[in-house]
Every structure is written in structure tokens, then in C-alpha cells.
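J.: Here the protein sequences come in this chain order: R and C. According to this note's numbering, the stretch in the first sequence is residues 1 to 397, in order. According to this note's numbering, the stretch in the second sequence is residues 1001 to 1174, in order.
Just to be clear, a hint being listed does not mean it is correct.
[Said to hold, decoys possible] DSBU-like, lysine-lysine: derived pairs with alpha carbons at most 30 Å apart:
(1) C:1171 x R:396
(2) R:34 x C:1089
(3) C:1171 x R:90
(4) R:396 x C:1094
(5) C:1089 x R:91
(6) C:1068 x R:391
(7) R:91 x C:1094
(8) C:1171 x C:1089
(9) R:2 x C:1089
(10) R:94 x C:1068
(11) R:165 x R:368
(12) R:34 x R:2
(13) R:91 x C:1024
(14) C:1089 x R:391
(15) R:90 x C:1024
(16) R:395 x C:1094
(17) C:1170 x R:396
(18) R:90 x C:1089
(19) R:90 x C:1170
(20) R:178 x C:1041
(21) R:2 x R:141
(22) C:1041 x R:141
(23) R:165 x C:1094
(24) C:1170 x R:141
(25) C:1089 x R:395
(26) C:1170 x R:395
(27) R:396 x C:1024
Keep in mind that the hints were calculated from the coordinates and are not lab data.
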Amino acid sequence: MKRIMHLTWEFPPHKVGGLASHVYDLSRIQAKRKDEVIVITRNSNGFSEYEKIEGVHVFRFNSNIPEEDFVSWTLQMNFFMQNKAISAVKKIGKPDIIHIHDWLSFPAGFFLKHALRLPLISTMHAAEYGRFNGVHNNLQKMIHELECRTLFESWRIIACSNFMKWQMHYNLGAPLDKINVIPNGVDPKKFEIDFNRIEEKKKYALPYEKIVLFTGRLVHEKGVDVFIGAMPSILYEFPDAKFVIAGGGFTDDFRRIAEYCGVKDKVIFTGYLDDLELKKLINLADVVVVPSRYEPFGIVALEGMSCRKPVVVSDTGGLGEIIEHERDGLKVWKEHSESLSIGIKRVLRDKELSNWLTKNAYEKILTKYNWDLIAKNTDDVYSRVLEEYNKSDWKKN
Amino acid sequence: MLSQYLSEIIDVEAVSYDNWQIGKIREQGKVLVHFIGNPQKENLSFLNWNLTLGLELSRVSSEIMNRKNFDIIHANDWQTIYLAVSLKKAFGTKLFLTMHSTEKERNPYSNTEFSKSVSQIEWNGCYFADKIFVNNERTLNSLLHDYRVPAEKIVISNTRKYESVIEEYKKVIE
């Protein structure tokens, strides 16, 4: 049995991106495997300061921090995080491993590593360099430098895809032999929900309309503009298509692009949806689209596959590794609206192809992206680190 | 100067920033001074610079405190507060804090995010400190009225003599 401490800035029910779900699923499976798991996370909405969720000790810290800029906010947030972690150590005991997620919890992980003399493991879910194809301003430079330090200080690094492994090697200077690739996972049972499909569909589309769904943050790297650019061509062949864009971000900008492309009446921007609403929506979709420019992994594709929906993804980053073209999804060129429209039209047109893709995709989810396998692989990394750590001078001194 | 005074009666080590002496450990009188730099090259603001310097301070301080048991951590002003509070919690030592001035004194009408952050850091330091030393009545008043620090926590010390500081140190040691 190992005692593991996860440091994360988001954890359900508080969610910003995909990190919350990842840590939640990983930690609960680790607890199921009889490890003692502690999660230190931010309390943003008056949730309980301590609770045990599915065997996981969840400690939340309150932080009301003035925001001069995002980095200073994060650095200050980490002060509260490390203090809460120390309180947790006093209550539960000293962990064997500290596991941080992204640079956002690096300062606290760094402090705990040195104060408690423990091995630090980091999972990098994304990197600033990749998001904007380089670092172009001082804020990005600072984040990039903190990411490099995260990797430097980590005993081992977990990358969610081979793409991320090479990104970290070439752009952040991480040695290849320090990196393990363990993909993210998904629990398909979570998507098997009962609801009134007819009533629910009324919120988004007419009964006969086909829902083409995008979910994710509405930011440049997610390629929402590429998706909107594909809409006129899809509507020409499928006038009954309805495009649903679920997620928060720069909604007004994309709404303007939709207006400019003449498709605004066929697009619905739902804004941020909670977990349940999102699951219902994916279940209602006829096709799930992931048109990202940059995607270290692409959990949205897995969610679509779990709901037995055909997925059309851009051939970039981790997405390209998840999907085998014409076997469990369709890959299209990235940043290419025409290519994307061809892919979407193919699955809308060809029911047989769509069924073939969804059947294979679901099998892949069960065999390759299940959480038991991911937790086992992560545990192997922990064991290796602990073996090295126990022999190390750093521990003895 | 305080550390030199104190080194006459107790064992003192100091950690300080000096970009020209990074990594050096100097014996100044009986005080062992560890000099550090800030490895973070890109910083957006003075606040950022301080917060990232705090990481390096925490690394070196942790190393020292893991090697030797200390009774007291003594922090000076807001720049080292976050690190000192976390060290206090991690190692269970007493925390003394000298406030040479407060943000409310320096920038009484400022409402910038920087000022708010510094004030919050100072408030946290005062909240977690076991004793707070001030050098003048003005800072004392600022602590009492701006940060609502309980009066019994604050000690006025003379900048040149330090008797009151040494008294407090002795209380902890005894």
C-alpha cells in the first residue's frame, strides 16, 4: 500500500478543464486498489473543507487572492495549497509520493518535496509552448520557465501521449528516459444515463435535426473557428444539421464568426454546461467533432467514443494517437475546414460506416483507455520511483 | 545586526538574497549566512519576482532545517512571509516576524492588485506569527488598525538595541 498525495488546482465539483476529471478518476481507482490517497485542491464554491469521496481524502483550501496577473495568483494560491498539504500530512500521515498536475501546483509540490524530502512526480497535461506554437510574450515565457522547472524537479514525468513526450523533450528540455507515457482514461459507465431524450433534444434542436457537437473551451487552440468554417458546406448537403457548441470562453468572438459565415441560425452556443447536462448532450449527438489545433491528449474524443458516437478529429497531437483512421473514428487535416466538413458529411451520410466506427471505438475504450489499466501503469511508475528513492543519498541525507 | 547580537547567545543561520554570491555560505561573525539567487529568469513584476524567489528560499531553508533543529524562524517583511509560514507549519517551529513597515503605511491610498496582494501576505504573516516586532509606533498602529493584530502579539523593539527581541528569544529557548 502506498500513500499518495495529489496536488491539483481543480477537482470535482469545481471544474475548469479536463484536469479535474483526470485527478478524480485516477485517485478513486487508486483508492480502490487499496492505496491511501490524499487530494489537496482549491475550494471555490463553499464546498466542504474535508470529505472522503470514494475512499479518497479530499482536503480543500480557501483562497481569496488578488489577481495582479495569472502567475502571481497561481504562486499565491500554492501557498495555501502547501499549508493545507502540511495539515493533511499531520492528520493522515506523511505520503510516499507527491504527485502534481501541471505547473499550476508545482510551487507547492516543490516546497513539499524539499521540506519533507519526498519524491515528486508530475503529470503534464499540456504545455504553454504547444498552445501557441512557441512562447511569444513575457507571461508565456514565465509559464514556460515554470514548466521547465516542474520537469527538472520531478523524479519522473508522466506524459499523456507520445506527442506530449516529444514536446516535453524538444521544447522543455526534459530527458527522454525520465518520461513515461500513460494515456488518460474514461469510464464509459458514467455516460450511461437515463433521461427523456425527446424533451432534452428540444433544448438544442428540432426532432428531425442531426446534432453535430463540439465540446470544450472556446479558445483558439480548440479550433472552433475551423468548425464554424466547415458548417456552410455541411448545411449544403444536410440542411437538417444543427451545430451545438458547448463550453465557455470567447463565445462572442465565435458568435461573430458564425454570423459572418451566415450560419448563426444553425449554431447554438450553450455556454458552460455541468457534468450531467454535458453527458446528456453527448448522448444526443449524431457526431462528435474535435477540430483542435493543439491537443496534448483529447479526452473529448474518448467521451464521444464512450457514448458510442462517431468522432471526427483533426490529426494533431494526442488525438492522432487515439484515433485509428476509418477504424474507430475519422481523422481530418488540422486547421482545414473543408477536410473537416468532408469527414463530418461522411459519417452523417454513411450509417454503416458510423456503426462500424462506434463499435470499434467502444471496444478500444474498454481495452486501452480503462482506468484500472491506467492506475496500474501509474502504480508501476510510483514503485520504480520509490525503489530509486529508497536507495538514494537524497533520502538518507 | 540583529543576527550578530543574537549569535552571542544562540546558534544563528541566515538565508539571504545576493545575486553576486549565489550558493556561497559565509561565516559573518558567528552567523552562518547562506546566499541565494532567483533561478526564475522571467518575471512579470516585482511581486512575481518575490514569489519565485520564495521558492528558492524555501528550498535552501528546508535543506538547513532538515539538517539541524531550529527553535525559531525569524522573517523580515512581506517578502519572506509565505515561505516562513509554511516552514513553521512543516517543521513545527515558532515564527517571529519583524515588520519594518506595512503596505498600508507605504501606499495608504493604493488600491492596486499589487498592494492588495502585499497587504494580504502581511495579514497572513501577522496571523500565523507567534510574535511580531515593530520598530516604531506608526507601524504598531498600522498593525493594530489595518490588520487587526491582537496587541499582545506585538513587541516594540529599538532598531539599535534589540533587548526586547532577545527577551522574546530567551523565553522560547528557556
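J.: Residue 1089 of chain C and residue 391 of chain R were given as a pair; does the straight-line alpha-carbon distance stay at or below 30 Å?
T.: holds (28 Å)
J.: Take a quick look at whether residue 178 of chain R and residue 1041 of chain C sit within 30 Å of each other, Cα to Cα.
T.: holds (24 Å)
J.: Does residue 94 of chain R pair with residue 1068 of chain C here, judged by a C-alpha cut-off of 30 Å?
T.: Satisfied, since the Cα-Cα distance of roughly 20 Å is no more than 30 Å.
J.: Need the status of pair residue 1089 of chain C, residue 395 of chain R: alpha-carbon distance at most 30 Å?
T.: Given that 30 Å is the threshold and the Cα spacing comes to 21 Å, the pair holds.
J.: Given the proposed pairing of residue 1068 of chain C with residue 391 of chain R, does the C-alpha separation stay at or below 30 Å?
T.: holds (22 Å)
J.: Given the hinted pair residue 1170 of chain C and residue 395 of chain R, is their alpha-carbon gap at most 30 Å?
T.: Not satisfied, since the Cα-Cα distance of roughly 34 Å exceeds 30 Å.
J.: Mind checking the alpha carbons of residue 1171 of chain C and residue 396 of chain R for me, to see if they're no more than 30 Å apart?
T.: violated (34 Å)
J.: Taken at face value, is the distance from the CA of residue 368 of chain R to the CA of residue 165 of chain R at most 30 Å?
T.: Distance ~19 Å between residue 165 of chain R and residue 368 of chain R Cα, so the pair holds.
J.: So if I understand the rule, the pair passes when the alpha-carbon distance is 30 Å or less; does residue 1170 of chain C with residue 396 of chain R pass?
T.: Measuring from Cα to Cα gives roughly 33 Å; hence the hint is violated.
J.: Between residue 1041 of chain C and residue 141 of chain R, does the CA-CA distance stay at or below 30 Å?
T.: OK: residue 1041 of chain C and residue 141 of chain R at ~9 Å, within 30 Å.
J.: Given the hint that residue 1170 of chain C pairs with residue 141 of chain R, does the C-alpha gap stay at or below 30 Å?
T.: Cα-Cα ~47 Å, so violated.
J.: Are the Cα atoms of residue 1089 of chain C and residue 91 of chain R separated by 30 Å or less?
T.: holds (13 Å)
The structure is inconsistent with the numbered hints 1, 13, 15, 17, 21, 23, 24 and 26, although it conforms to all the rest.
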